[in-house]
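Novice: Numbering (the working numbering), first residue to last: 1 to 143.
Please note that a few of the clues may not be correct.
[Said to hold, decoys possible] Calculated lysine-lysine pairs in the PhoX-like style (CA-CA distance at most 25 Å, straight line):
id: 1; residue 1: Lys-78; residue 2: Lys-30
id: 2; residue 1: Lys-101; residue 2: Lys-78
id: 3; residue 1: Lys-101; residue 2: Lys-133
id: 4; residue 1: Lys-115; residue 2: Lys-133
id: 5; residue 1: Lys-133; residue 2: Lys-78
id: 6; residue 1: Lys-115; residue 2: Lys-101
id: 7; residue 1: Lys-78; residue 2: Lys-115
[Unchecked claim] Listed next, with one range per pair, are the computed distances between beta-carbon atoms:
id: 8; residue 1: Val-8; residue 2: Gly-42; range: 20 to 30 Å
id: 9; residue 1: Thr-64; residue 2: Gly-128; range: 39 to 49 Å
id: 10; residue 1: Ser-75; residue 2: Thr-132; range: 34 to 44 Å
id: 11; residue 1: His-43; residue 2: Glu-119; range: 31 to 41 Å
By construction, these hints were calculated from the structure, which means they are not laboratory data.
Ideal Cβ positions, reconstructed from N, Cα and C, are used throughout, including at glycine.
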Amino acid sequence: MNTRVDIVPGRTCGTCTLCCRLPEIDEFAKPANEMCGNCVEGHGCTIYENRPQLCRDFLCMWMTHEALGAEWEPSRSKMMIYSQGPQTTVLVAPERPDAWKQEPYHLQLRILANKVEAESGYLIVFVGDDVTKVEPEVLGQTY
């Protein structure tokens, strides 16, 4: 089965290393919000050519979803979004715990919650140990 995902043209990881810092990775006994021992912040993986398959297979949604604009670049937004099964996850850097509640992010997350719930999924935000399920935006409602 081919599960290849295309990268949005023009997007690269650059010096972003949030995927090496924010998620908990059981396979490496790496706690959440701690830098992987093989990563140098701002530079990247020191074992890139020989990195584990788990790392080779991972792409955040900013890399693969054109609808996520430049403001969602993880090193800029201090958030990393990825999808696994029915769950879409937003990991927020501890130094910017309220980033997801600010615009333009909050409304866009609620709209994304609509989309994933329509596909029998859900969207959650992790800020350290705090977990929040994002409720969908009521589309078409006027205020």
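Novice: Give me the numbers of the hints this structure contradicts, sorted from smallest to largest.
Specialist: Per hint list: 9 and 10 violated.
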